[in-house]
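Asker: Protein chains in written order, with our numbering: chain A, 232 to 543; chain B, 26 to 380; chain C, -18 to 318.
Since the hints were derived computationally from the structure, they do not count as laboratory data. You may find that some hints are simply not true.
Said to hold, decoys possible - Computed cross-link-like contacts, DSS-like style, restricted to lysine-lysine with a CA-CA straight-line distance of at most 27 Å:
(1) A:Lys429 with C:Lys59
(2) B:Lys222 with C:Lys261
(3) C:Lys127 with A:Lys450
(4) C:Lys261 with C:Lys298
(5) B:Lys222 with C:Lys264
(6) A:Lys259 with B:Lys84
(7) B:Lys114 with B:Lys56
(8) C:Lys261 with B:Lys57
(9) B:Lys153 with B:Lys114
Below are the chains, spelled out letter by letter.
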Amino acid sequence: MKHINKEQVISTKSKHWIHLWHGFLSDKIAVLSLLIFTFYCLISLAAPLIAPFDVRDPSFMSLENSEIAPYWIDGDSRFLLGTDGQGRDLLSVILYGTRLSLTIGIFAVVIQGVLGICIGLIAGYFGGRLDNFLMRCADIQLSFSNMMVAIIVMALFQTVFGIASYQHLAMYILILVIGLAEWPLFARTVRASVLAEKQKEYIDAARIMGIGSGRIMFKHILPNTVSPLLVIFTIQIANAIIAEAALSFLGLGMPVTQPSLGSLISSGFSYMFSGAWWICVIPSITLIVLILVMNLLGDWLRDHLNPKVYKD
Amino acid sequence: MELLNVHNLNVNFQLKQGDLAALIDISFSLKKGERIAFVGESGAGKSILGFSIVNLISKPGYIKSGSIKLHDNELSHLSNRQMRHIRGKRIAMIFQDPMMTLNPVLTIGEQMVEAILSHTDLRKKEAKNLAIEKLVQVHIASPENRFDQYPHELSGGMRQRVIIAIALLLTPDIIIADEPTTALDVTIQAEILELLKQICDDNNVALILISHDLGVVSRVAERTIVMYAGRIVEQGPTLEIINDPQHPYTQGLLNALPQMSLPGQRLNQISGSMPSLLDRPSGCAFHERCPYAMDKCKQGLPEFLFNGVSHVACFMVEDMLEDLNNDADSTYFDNELDEDLDTSLEIQPQTRGSK
Amino acid sequence: MKHIPLLQISHLEKRFSVKEKWMSQWSLNRGRSYKKQDTVYALNKVTLTLNKGETLCVVGETGCGKSTLARAVMGLTKPDSGEIYYGDQRIDNLNDRQRLIFRRRMQMVFQNPYASLNPRMTVYQTLSEPIAFHNPQLSRIEVDQKITTLMESVGISPNWVDRYPHEFSGGQRQRISIARALSVEPDLIIADEPLAALDVSVQAQVLNLMMDKQEEYNLTYLFITHDLAVVEHFSNRVAVMYLGTVCELSDTKTLFNNPKHPYTQALLSAIPRLDNNSQKPIKLIGEVPTPYEAIIGCPFQARCPFAQEKCFIEAPKMIQQPDGSSVSCHAVEEQRL
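So here's chain A without its partners, still in its complex pose:
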């Protein structure tokens, strides 16, 4: 029976998404944002292929090329966007930096999401003491500034294991720290949706069928909380990238040898007043556009998927 009506299936199943897609196409800002975001994703995926220089190559850094202004000022066709203080090609560094920032952002949010969703589901579904305990944990976590937690962890790690091993593991630690710091946002949203869904009779129906709690939580409740999650997901990626940039700017993020957008801005900052403004400004613009685009996408999703989600 299932095979006969496959065409019909597709048409009915995707109706909601087609509707959403048409709404999307009619919103120029949203389309532009998505295009820019895909562009960012593509260049960061293809960074090793399109970058004019290989960042890992030891000869990449040469002080004789340092502080060359961008092509349109200096006319040096080797370095389109100029070079930084260590003589690295800024275009290549930005490409790799974007790749690194996006990776950290996405994976940190995945950690946040998995943690937050599980905790939120458990707290909302079982309720009672467990709910109270988990939500108070979330409150405590939120009452620490994320930045503070990150600074403490990073500083501790650097002193305990030494700078060398830190540089080696910096990316993973950043992902972990940013990921662990912001799970309560997900947990709260999921819990709120779970509490609303739990009241509905289809959950009772599933319980009457004898279906286990785990299956009810993940198979019955979770799909009904997807729309608010999607919105938080986009906006949180932007937030995670900012957090990483801020940490790097403070010198607690990525090491100079593997620059992310944040550490590029940081290292460029000291050249600001010596005339080499591009080292700081170009990565900054790259970062600002990326964050702006993510926020615009998130806002659009919020308006169209679920207007009632709280505004953060």
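Chain A is fixed; fit chains B and C onto it per the hints.
Answerer: Leaving out everything else, chains B and C in the frame of chain A:
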């Protein structure tokens, strides 16, 4: 004298799928102190009608054509400000959910006094006395205490009484009650219905009751109008409609009630369900569910015919009346008319219906 | 018909505490903190027996505990005291795993067809989940076949198997709910106001379907409703509930011809009927109170026109009447009525 006269009212909804008709050619009139009821299932358009009369239909909906006359004053063109005056003073509304009308952060008294002050020149003291007087009228015990309570402190039935009292504040000519008892328990429902009926009698207020429950309607209304898919299909005295329904839809609705079949037997169901605005069938909208559907039901629209008692829009009834006229040379029909003279005089023949 | 008891409920009690936050339970009064807890007494010593193959209707107004009764029987809420037997097995104290075999035998149909189906699951998913769960030995094709026959039997075209609930009307959703309940081949179906959200003409369709299925599978129904017209048509026996107690239990015919409890009389007189408009409904005093305290005496005392001193002191017992009905009322007992 006719108090309210609605003539060929068309209400449309401007949606993405097009300009869809929600109400089509609605015509009826209401006399002073008369109680009429609109009956139909969800999707019949009866609530939209209630909102249209007071010009309260919101955005995608609009009045396309037709006239609504109150005391010979046209309402459908009035501005929002002029309409607000009418809504408060001349026409009052009661909704299914009392919390839709009551503001949860103001006491009952504050809301009642505010309503009086905004429409009259009374002073605060006088307004309070008037409000308490109305609370007494709806049989609320210790009205002085209730006056200072918040809506959430009252039970469902009590809230609905307060709503009725608010509706009565400015002595309106018409009360529109949209499913006023659906959210209430059976015993409370009976009391509220009695109250509504009595209040309308005492104050000579006309009542438009909107309900899906024929039992409720039969308790309150003198005249019943049955709606299906945005059209009136039958209207006449309530007793006649219940005892001798003409339109197949009315018959189906009545026969589907459990008390119409023997215990343990299957109920007489109407197959299918009410069509939505999007896929309203051609011709008579009921033909897909009608057990007597003929070919012409699919194409043409039946006219309203007056059979001496009620107005019906159905080809089958049309044919039957024609046969009767031809066969019996209208002698039978005259007798019938004489018998029902009292009732038929009471219902003013509808301008459109008798055409 | 031989009466074989299928479900026995005895002295079932359930209380709910209203304040759920532990912080707000503590409040200060004249400098001393004390713990306050509002308790609602939802069920008070309810005793009912459901015989195989019959339809027992539980009637009452909002807050009389009829839905709580259904949920307690289904194991969705744990009763505070009392016993529930299915056949000769006690089921109220089982854990989820032990209860599993009884899940197949008892099913439930809910009130709101818009909330009782998961909006993100197709009809196929909704129906296949319980079938595959309770019959793990079935192959995919057998499950599909079962779903097809099931859908046909409730009057939904099997071509619509991959549609989502929002594409169906209220009546069709209620049919799917019934199909889901039937999918595990139960003996007992508890229906909690299954018609309340439906239109009159659709109510008839669903009620007919339920009667057809009862005949076909020899089902037992515990039918919870506030609509007495449906009760009169559909049930074999009626239990009238008020404030968590059963106040009258009798055959449908006896109840409608000769209601004994003053509350039943008021309830019957209040049905909006088409034929007897002359009869004025019996007016009760006030409205159904919320039972914050354990009731002393008869639960109906506050609204009863026949209440006497005894009704405020002593709780009436269920007493068998000559015509087979049981009534719990002092006035009936003393033949004051």
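Asker: If a hint holds in the structure, say so; if it doesn't, say that too.
Answerer: These are the hints, each one checked on the structure:
no.	hint	result
1	A:Lys429 with C:Lys59	holds, 17 Å
2	B:Lys222 with C:Lys261	holds, 13 Å
3	C:Lys127 with A:Lys450	holds, 22 Å
4	C:Lys261 with C:Lys298	violated, 30 Å
5	B:Lys222 with C:Lys264	holds, 15 Å
6	A:Lys259 with B:Lys84	holds, 25 Å
7	B:Lys114 with B:Lys56	holds, 17 Å
8	C:Lys261 with B:Lys57	holds, 25 Å
9	B:Lys153 with B:Lys114	holds, 17 Å
In this structure, the one hint that does not hold is number 4.
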